[in-house]
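Protein chains in written order, with the working numbering: chain L, 1 to 150; chain X, 151 to 806.
In case anyone wonders, no lab produced these hints; they're calculated from the structure. Remember, it's a predicted structure, so these values are computed and weren't measured experimentally. Each hint should be verified, as a subset may be incorrect.
[To be verified] Straight line, CA to CA, 27 Å or less: simulated DSS-like cross-link-like pairs of lysine-lysine: (1) Lys641(X) - Lys66(L); (2) Lys61(L) - Lys535(X); (3) Lys623(X) - Lys641(X); (4) Lys348(X) - Lys66(L); (5) Lys107(L) - Lys535(X); (6) Lys756(X) - Lys624(X); (7) Lys535(X) - Lys135(L); (8) Lys66(L) - Lys756(X); (9) Lys756(X) - Lys61(L); (10) Lys52(L) - Lys535(X); (11) Lys623(X) - Lys577(X); (12) Lys107(L) - Lys61(L); (13) Lys624(X) - Lys577(X).
[Stated by the list, open to error] Just some of the chain X residues that point at chain L, by a computed CB distance under 7 Å: (14) Ser483; (15) Ala676; (16) Gly680.
Note that CB positions come from ideal geometry on N, CA and C, so glycine has one too.
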Amino acid sequence: MTLRQTRLLFLALGFLMLGVTAFIALTALEDNLVYFKSPTDIAESSSMPVGKIRIGGLVAKESLTKIGLENRFVVTDLQNRIDVSFEGVLPDLFREGQGVVAEGQFKTANIFVADTVLAKHDENYMPREVADALKETGVWQGNTSSGSQE
Amino acid sequence: MIAEIGHFAMILAFCVALIQSTLPLYGAHRNRQAFLLIAAPAAKLQFFLLFCAFAVLTVKFIQSDFSLWLVTANSHADKPFIYRLTGVWGNHEGSMLLWILMLAAYGAGIAHFSKSMPDALKARVLGVQGMIGVAFLAFSLFTSNPFARIISPPFEGNGLNPILQDPALAVHPPLLYAGYVGFSLAFSFSVAALMSGKVSHDWAKWVRPWTLLAWLSLTLGIAVGSFWAYYELGWGGFWFWDPVENASFMPWLAGTALLHSALVTARRNTLHSWTMLLAILTFGLCIAGTFLVRSGVLTSVHAFATDPTRGVFILMILGILVGGALLLFAMRSAGLSLADKNVPFQPVSREGALILNNVFLASATATVFLGTIYPLVIDSFGLGKISVGAPYYNAVFVPLITPLLMLMPIGPLSGWGHSEISPVIKKLAMAFVLAVLGGLTVLIMSAGHQGGAALGVGLSLWLMLGALADLGKKIRFNSVPLMRLPENILKLPLQQWGSILAHGGLGVMILGIVGTTAWRSEVVQAVVPGAVMKISGYEVTFNIEARVSGENYTAERGEFSVRRGDVDVALLKPEKRFYTVERQSTTEAAILKNLAGHLYIVIADKTISDGMASRVVRIWYHPLVAFIWIGGLIMALGGVAGLTRREVKSFSSDNV
Chain L
1 MTLRQTRLLF
11 LALGFLMLGV
21 TAFIALTALE
31 DNLVYFKSPT
41 DIAESSSMPV
51 GKIRIGGLVA
61 KESLTKIGLE
71 NRFVVTDLQN
81 RIDVSFEGVL
91 PDLFREGQGV
101 VAEGQFKTAN
111 IFVADTVLAK
121 HDENYMPREV
131 ADALKETGVW
141 QGNTSSGSQE
Chain X
151 MIAEIGHFAM
161 ILAFCVALIQ
171 STLPLYGAHR
181 NRQAFLLIAA
191 PAAKLQFFLL
201 FCAFAVLTVK
211 FIQSDFSLWL
221 VTANSHADKP
231 FIYRLTGVWG
241 NHEGSMLLWI
251 LMLAAYGAGI
261 AHFSKSMPDA
271 LKARVLGVQG
281 MIGVAFLAFS
291 LFTSNPFARI
301 ISPPFEGNGL
311 NPILQDPALA
321 VHPPLLYAGY
331 VGFSLAFSFS
341 VAALMSGKVS
351 HDWAKWVRPW
361 TLLAWLSLTL
371 GIAVGSFWAY
381 YELGWGGFWF
391 WDPVENASFM
401 PWLAGTALLH
411 SALVTARRNT
421 LHSWTMLLAI
431 LTFGLCIAGT
441 FLVRSGVLTS
451 VHAFATDPTR
461 GVFILMILGI
471 LVGGALLLFA
481 MRSAGLSLAD
491 KNVPFQPVSR
501 EGALILNNVF
511 LASATATVFL
521 GTIYPLVIDS
531 FGLGKISVGA
541 PYYNAVFVPL
551 ITPLLMLMPI
561 GPLSGWGHSE
571 ISPVIKKLAM
581 AFVLAVLGGL
591 TVLIMSAGHQ
601 GGAALGVGLS
611 LWLMLGALAD
621 LGKKIRFNSV
631 PLMRLPENIL
641 KLPLQQWGSI
651 LAHGGLGVMI
661 LGIVGTTAWR
671 SEVVQAVVPG
681 AVMKISGYEV
691 TFNIEARVSG
701 ENYTAERGEF
711 SVRRGDVDVA
721 LLKPEKRFYT
731 VERQSTTEAA
741 ILKNLAGHLY
751 IVIADKTISD
761 GMASRVVRIW
771 YHPLVAFIWI
781 GGLIMALGGV
791 AGLTRREVKS
801 FSSDNV
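The following block holds chain X by itself, in its conformation from the complex:
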């Protein structure tokens, strides 16, 4: 009975979304206050109803109510509590409901928090948001109903894919969806502005915090996903250029560009059309990503069960929403009436640097898009089956991103409007010299063999030191006495830390990427207990192996003692697990974690070696790898810091 309440709440939410997507827009068009004011309460009601639906589904999963098809297909009564809970979104239907819930949450957020926004703009934004809600609620209700019943419920469920039985499932999808869905607001803001035909100069300031929130969620979501893949998939990679990863990376790249172009629009009252186009495309990429993941055109850990009707439905949503928005853009963008005149543009300025940022990010997005979509296009025309792997992405990404990274420290140090080159050079000279020295050191120490690593280390130092130079400028390092500096640092408004942390964090991340890519070492051996393996200064002894059993699995567990020099450092116990319900095995790596590097051990199959029954053991040493995720975290913190900026009334008042 309670499941039907959840289903009914979804249907009601669909009806509310229908109202939200029509009446307020009509009201805004005809200037009817009564219709216009429906938007905010409708958005809140829609969120409330979806929250109820989601709560119901969660309760059903916790109760293990196998009369619900979704629970049967994806859960099991013996599953640990946390996985019964997170299992709600460990499947297509439930995760779709979470997606929609977040969409409604953003709508309710606008309705609640954006008090200073004119009613008409708010009504239009929420109206467009309502349309997206209608589309995805229809998708969920008609093709992916999470509340479908089974006539004769089984006694036990099928369980959850063991790979998903991990604490990271609790945060990875919600963060990712908060990112994807958050970009819907930028989309709605753009379409709303295009509908009204005019842009007030505060427009970009209302868009930016929501975009920032989406961006930081997506950054965290991708970082958690990368860390999860690293320790769970058992081969220590952090990024695979898997099409589904690309599905999240493309909106990230486009969203990063959007964040920077919105900054130019907010500060300089220019680039409106481009910012709107980027907003539309970014959300378009989010929907395209949803299509890639949920249509079954791809094979991946993220790809849910195939059902062609779903793919067609999402393509229709993509076509109607994004196609419609682009059409509107084509018709209206040239005639947008701006509240103020365009400011004359100087190429050597912060906005100039930000435009270059956009050019490079847009190009990078396009190349990732090409690599992801090309095999699908070729296949659908029956021209053969091909795959595009990491070598392609490495070949295109490095030349496109390197110039962008070189420009990154320059942007925040140059001034708005017009800027002289020489003070920027002065502030960055030290950083530049140290970065080049760092790169050269790597080149010399590797006897010229590791050009890529040298470039990477140089760029990483350049970004980190550039961020310090940014900080130095903001606390007036050169003009105040040393005694005053701590005080200046503490007094620095939090929002000022945004670019410092985001840019510096990327530098930290690159250090990790270079470390593990260039200096990783690996040992694979078939061994018997007692064997000793040496890797990167560690001495790893395979002591013994044993059978153990966990809550819902049995495992073969190896025990390894790790020594460095004459010191015992750790006892590592990697497992090869077999999940009895799902009849599936997983590899559980054991990792000795240090900032300097990770020692990563997995045990694999049994084999015969020299006539003896042995165990295949694989050990990696991943230098500096932790900095990848630490860097991601720092970047996201930069986003949080940026969020603390209060809504600024006018773009001329805050000149930094």
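Looking at chain L on its own, in the form it has when it is part of the complex:
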């Protein structure tokens, strides 16, 4: 093979692969995106979100109850509230009054059934989505820096 043919082969191979990769990646991305909504977003939207979403906010104080394996709690941005049901083991950092993100879907209009619950691994720190959602509703007053110098 001459150098020219080699180059052409590389180029063709490269473009083919680029096309295939882009196709696979974009299709997969479209099918697997999960949107984040705050309780206020949910309350303000006219229709119930369909499919898997993420919600986040603070775990309302004294809202956690456990029966068997089911955990019930309320996620709030201090304006609106969402009842959440989660069957399984809550993360170590889950705490009332702290930030939380839950992934799942609305099974009925009132109850968000979570299949994953994420609490931040650092208790001084709030999940970014939650902090932003709280800022939007104007209740945010803390700072996110966990080790700010005094």
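Following the hints, put chain X in place on chain L, whose structure we already have.
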């Protein structure tokens, strides 16, 4: 006072790095021997100074000197000794210093070990290395000074995140950084070659061992991190496609591609431009990873405290270093004068297989990059908040990696330059048949339900048997009498084991991944003492629970006796710990480890079940899971074996 010495050593190192990044480059450009020769001593001095700074910080952590802000924020006098020590890099500032120390160590390594390298090339490589040093030392000194003092020191520190209080902290970050930072040398070599405008045919041979060292460190670092996450986070996953994991995985993928393309460049004296571009991009991904972890754009266990100025600073470093290098590449790569003419290229050859390897690895890197960066881009344009999780990665990764894995055993068995297909087919026929049989067996036994597992088992066998075929070829299995074989195996040069172990190790790892992904079973139950749970042939009895206290925590500890058939196998004691200083709880899983599988028990919250106060208990059985990390270890051993290759003088002399 001693802390100020550390700080001063860092500032001096910064000055030395400034000199290292200017005078030698000028000397190389103008051919002034005196300037040129500054490079090596400067690199060693920079390393020495940073070593002093790091030693000082370590001493301060051991002493629990709370007049240092960093020690106060991340340590505690009651903390066990090992965590006071490893706590040095359990935070942003200290880990950054470790990062820079390693950068300097690689520079000093080049200065010391690469004796056969021409002075001009060495000066340029160390000059570029010095630039990276300047950038990151400035970052550390101006935004993340580890030696900052507190005016009125507290009596006690805030402690270390309990998740980090684990022996794995001693090795995971250093290995990972040795990997990240090691790729800086490949970057420096590329930029040096582009600056000089010419590539000698030994260029790739000087790059390769350092790249290999970086690669094997990163492999080990990721494997340790994965094992750590598996036992510490309390839910038995080994890989979460967390953006921060991706931050280490992308350089690994690109670095693996680089390792293989550098092989082609070293052996066939071709693909120089591509190898250089890959080297630049690989290190670019390392810096991008540093940005992801340290800028606060992500939420993750690895993400350090947020400070927007840091993110901006790292982006600037990324822009200047990688942007500059890419610009240089665009201007110079076409006009590179090679020492020898390009060798005619045959598609059916080892280099052909290696190029396909690169195509697939580059594509895989791109898809991981897209998934990691897409939510950040969408968010920064205010288009909404989204997340991209494991389903995306599984959907893109399997179709891209499967063909790569299929090609993997073929590469090492085909010859350089020109190759006939038929001898390769002959050598791999047995492996292929057995792999297909293995896959079919899984498919039939699952009544056609586990296509994914069947594919995985087939690929795993294909890789492992392919590695054996590679070994068979190297010891001339077919042409020597059986008696001679042990002798041939022992006599096989260590470097020859490189591809055998690396490729076979990946096969072992895939077996583990398939095992735990396809055949894992789980029991979650709210139980009272006396309850019996059954899982995968094990009978687990919840005996009792008790409160216990450790060195710096209190814990609720469950006691479980495990029986299999009529035999008591183990007594497992998982804990739910509460760290008093940090006011944080962690889950300590208890794991019964066998090669065949892990029985993994955690205890969770208290709950009410049937009106009784109960404990939520979660038990997994993870079949074959240990092979994931054993495979990673074997791969890294392959890297070690590859390192034993002596610097080869000419690319024509060693035809295997």
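Mind checking the alpha carbons of Lys107(L) and Lys61(L) for me, to see if they're no more than 27 Å apart?
-> holds, 24 Å
Under the criterion that the straight-line Cα-Cα distance not exceed 27 Å, is the pair Lys756(X), Lys61(L) satisfied?
-> Holds - the C-alpha atoms of Lys61(L) and Lys756(X) are around 18 Å apart, at most 27 Å.
Cut-off 7 Å, beta-carbon criterion: hint that Ala676(X) touches chain L | Holds, about 5 Å.
Within a Cα-Cα threshold of 27 Å, do Lys623(X) and Lys577(X) meet the stated pairing?
-> This hinted pair holds, its Cα atoms lying about 8 Å apart.
Using 7 Å as the Cβ threshold, decide whether Ser483(X) counts as touching chain L.
-> Since chain L brings no Cβ nearer than about 14 Å to Ser483(X), farther than 7 Å, the hint is violated.
Straight-line alpha-carbon gap Lys61(L) to Lys535(X), limit 27 Å = holds, 26 Å
27 Å limit on alpha-carbon distance, applied to hinted pair Lys624(X) and Lys577(X) = Within the cut-off at roughly 12 Å; holds.
Keeping to a limit of 27 Å between CA atoms, is the pair of Lys66(L) and Lys756(X) held or broken?
-> holds, 8 Å
Under the criterion that the straight-line Cα-Cα distance not exceed 27 Å, is the pair Lys348(X), Lys66(L) satisfied?
-> violated, 70 Å
Status of the Gly680(X) interface restraint (C-beta, 7 Å, chain L) = violated, 18 Å
Are Lys641(X) and Lys66(L) close enough, with their CA atoms no more than 27 Å apart?
-> violated, 65 Å
Is Lys535(X) close enough to Lys135(L), meaning Cα to Cα at most 27 Å?
-> With Cα atoms ~14 Å apart, Lys535(X) and Lys135(L) stay inside 27 Å; holds.
Of the numbered hints listed earlier, those contradicted by the structure are 1, 4, 6, 14 and 16.
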